[in-house]
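4 protein chains.
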Amino acid sequence: MIFSHKVQYYETDRMQVTHHSNYIRFMEEARSSFLEKVGFSYKRMEEENIVSPVIDVHAQFVKSTTYGDVIDIDVKVKEVSMAVVTISYTMTVEGKTVCTGESKHCFLKDGRPTAIKKVNPGLYEMFLKYKEENL
Amino acid sequence: MIFSHKVQYYETDRMQVTHHSNYIRFMEEARSSFLEKVGFSYKRMEEENIVSPVIDVHAQFVKSTTYGDVIDIDVKVKEVSMAVVTISYTMTVEGKTVCTGESKHCFLKDGRPTAIKKVNPGLYEMFLKYKEENL
Amino acid sequence: MIFSHKVQYYETDRMQVTHHSNYIRFMEEARSSFLEKVGFSYKRMEEENIVSPVIDVHAQFVKSTTYGDVIDIDVKVKEVSMAVVTISYTMTVEGKTVCTGESKHCFLKDGRPTAIKKVNPGLYEMFLKYKEENL
Amino acid sequence: MIFSHKVQYYETDRMQVTHHSNYIRFMEEARSSFLEKVGFSYKRMEEENIVSPVIDVHAQFVKSTTYGDVIDIDVKVKEVSMAVVTISYTMTVEGKTVCTGESKHCFLKDGRPTAIKKVNPGLYEMFLKYKEENL
Chain R
364 MIFSHKVQYY
374 ETDRMQVTHH
384 SNYIRFMEEA
394 RSSFLEKVGF
404 SYKRMEEENI
414 VSPVIDVHAQ
424 FVKSTTYGDV
434 IDIDVKVKEV
444 SMAVVTISYT
454 MTVEGKTVCT
464 GESKHCFLKD
474 GRPTAIKKVN
484 PGLYEMFLKY
494 KEENL
Chain U
364 MIFSHKVQYY
374 ETDRMQVTHH
384 SNYIRFMEEA
394 RSSFLEKVGF
404 SYKRMEEENI
414 VSPVIDVHAQ
424 FVKSTTYGDV
434 IDIDVKVKEV
444 SMAVVTISYT
454 MTVEGKTVCT
464 GESKHCFLKD
474 GRPTAIKKVN
484 PGLYEMFLKY
494 KEENL
Chain L
364 MIFSHKVQYY
374 ETDRMQVTHH
384 SNYIRFMEEA
394 RSSFLEKVGF
404 SYKRMEEENI
414 VSPVIDVHAQ
424 FVKSTTYGDV
434 IDIDVKVKEV
444 SMAVVTISYT
454 MTVEGKTVCT
464 GESKHCFLKD
474 GRPTAIKKVN
484 PGLYEMFLKY
494 KEENL
Chain E
364 MIFSHKVQYY
374 ETDRMQVTHH
384 SNYIRFMEEA
394 RSSFLEKVGF
404 SYKRMEEENI
414 VSPVIDVHAQ
424 FVKSTTYGDV
434 IDIDVKVKEV
444 SMAVVTISYT
454 MTVEGKTVCT
464 GESKHCFLKD
474 GRPTAIKKVN
484 PGLYEMFLKY
494 KEENL
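Chains as they are written, first to last, in the working numbering: chain R, 364 to 498; chain U, 364 to 498; chain L, 364 to 498; chain E, 364 to 498.
Check the hints yourself; a few may be wrong.
Note that the list lumps identical chains together, so a pair holds whenever it fits in one copy or between two copies.
[Unchecked claim] Once the Cα atoms are required to be at most 25 Å apart in a straight line, the calculated SDA-like pairs of lysine to any residue come out as:
1) K494 with P416
2) K492 with T429
3) K494 with D432
4) K480 with H468
Hints in this document: simulated from the structure, not taken from any laboratory. Bear in mind that the values here come from a model prediction, so they are computed numbers and not experimental data.
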């Protein structure tokens with residue numbers, strides 16, 4: 364699924380390009396939109412007392428972007444284990460890759476790390492379904 | 364009372380200066396240090412279920428700053444009314460004013476707007492004491 | 364003219380609401396979109412060596428917002444003088460005002476403060492036109 | 364070398380902990396201080412037309428931190444190749460690891476990727492020296 368982010372002036376830095384830390388935020392933005400579209404918005408998760416912290420984040424910067432660029436972010440479910448989901452991101456501007464990334468997430472139910480299936484079977488099925496679509 | 368903030372690379376923008384929105388954050392940083400020094404840290408306030416939202420913020424930008432500059436922020440209590448405290452900020456780099464600002468704060472006890480004296484008489488006395496020091 | 368910003372997770376704070384400093388960024392976002400729509404994008408201005416720093420910013424926080432809220436930002440040209448333009452912002456969520464703001468801007472041509480008309484007569488006319496529309 | 368960052372209120376999020384994207388900024392803060400201490404500040408590099416973009420960043424989040432926590436960041440030079448330097452970061456609060464990270468940097472001289480030794484032999488020697496100290 365593809366989401367877009369238009370780079371804002373306040374996201375650029377002294378080198379006149381998008382500051383690298385912001386791509387980590389764009390990843391969250393795209394992931395959050397993805398979850399909302401498939402029916403598991405953060406809001407719904409919060410209501411069910413599910414918290415899903417980021418435990419690992421990795422980004423490779425291929426080409427700089429700057430103010431006004433529209434970054435298209437392709438979000439994919441890469442891996443689903445008992446306790447951890449890995450999401451991957453490919454970011455392009457006008458078809459050219461500018462950044463690739465990955466984030467890993469665990470799930471807490473009432474504050475304790477829990478198997479995703481136990482936290483919410485539907486959520487687990489959804490991750491599996493999208494993982495297979497990407498094969 | 365004076366607090367210092369060293370401008371970071373990620374706080375600059377495409378114009379190669381500190382992005383103006385960050386001064387609002389520096390004001391919070393200085394205010395938070397001030398409250399901690401006088402014994403009313405946000406943490407203590409949170410423990411007493413006191414929440415103090417910003418209801419108004421104003422900044423005037425006099426001179427740009429950039430990466431590596433050390434901004435000295437002089438925090439003063441400007442006004443204390445029943446329900447609202449006004450804090451003022453004078454920011455200088457090597458003695459030259461770069462930005463002046465003001466923020467207004469109300470106080471919520473258990474979620475409801477409350478007279479500061481009622482929320483915590485010691486807090487009210489402290490604000491009055493520092494206000495007079497500035498006269 | 365109205366622009367929208369959906370509040371992101373990374374824009375919220377420990378109080379579980381949108382951090383107040385971010386509204387200053389939303390104002391820039393809306394202003395930048397406005398200028399782009401009327402044909403004077405920052406990019407075009409940069410190409411013409413026009414720089415327009417913020418010299419004053421003011422915001423009043425009426426009601427908190429949080430993750431997922433869509434903030435509609437109504438941008439208006441409030442005042443146009445020789446050297447300074449004042450832009451005003453009314454931000455609403457589902458029709459209810461959450462924040463109002465104002466920003467003042469001067470114009471530098473090749474690094475020196477210059478009358479807007481001299482910097483670019485078309486830009487000056489545009490500001491006047493939108494100012495009158497709001498009367 | 365160890366650097367400290369006190370977590371600010373504006374760096375926390377709705378989950379009431381430090382937002383994960385900010386650790387990437389703390390890494391930059393520590394790296395920038397490290398370079399300044401060893402005589403190769405960004406400012407000096409800029410003056411010599413050396414630009415050093417981040418090409419890869421990786422962080423593992425072990426334990427959450429929040430407002431008021433003082434994060435000690437231990438910066439080490441991990442690898443030095445012809446064209447790329449890898450810096451590693453171990454972040455602790457009161458001795459407990461909260462986050463570990465790594466960043467990779469290349470070097471541009473007058474806009475082109477260049478061998479570090481060619482960019483500045485002293486810079487290359489400094490990286491090697493600190494790399495060995497960590498063995």
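Going down the list of hints, with the structure as the test:
With identical chains, the CA atoms of K494 and P416 are at most 25 Å apart within one copy only, with a shortest distance of 20 Å there and 33 Å across copies. Proximity of K492 and T429 under a CA criterion of 25 Å is satisfied in neither setting, with 35 Å inside one chain copy and 31 Å between copies. For the identical chains of this complex, K494 and D432 are neighbours neither inside a copy (29 Å) nor across copies (29 Å), given an alpha-carbon limit of 25 Å. Taking CA atoms no more than 25 Å apart as the test, K480 paired with H468 passes inside one copy only; the shortest distance there is 14 Å, against 40 Å between copies.
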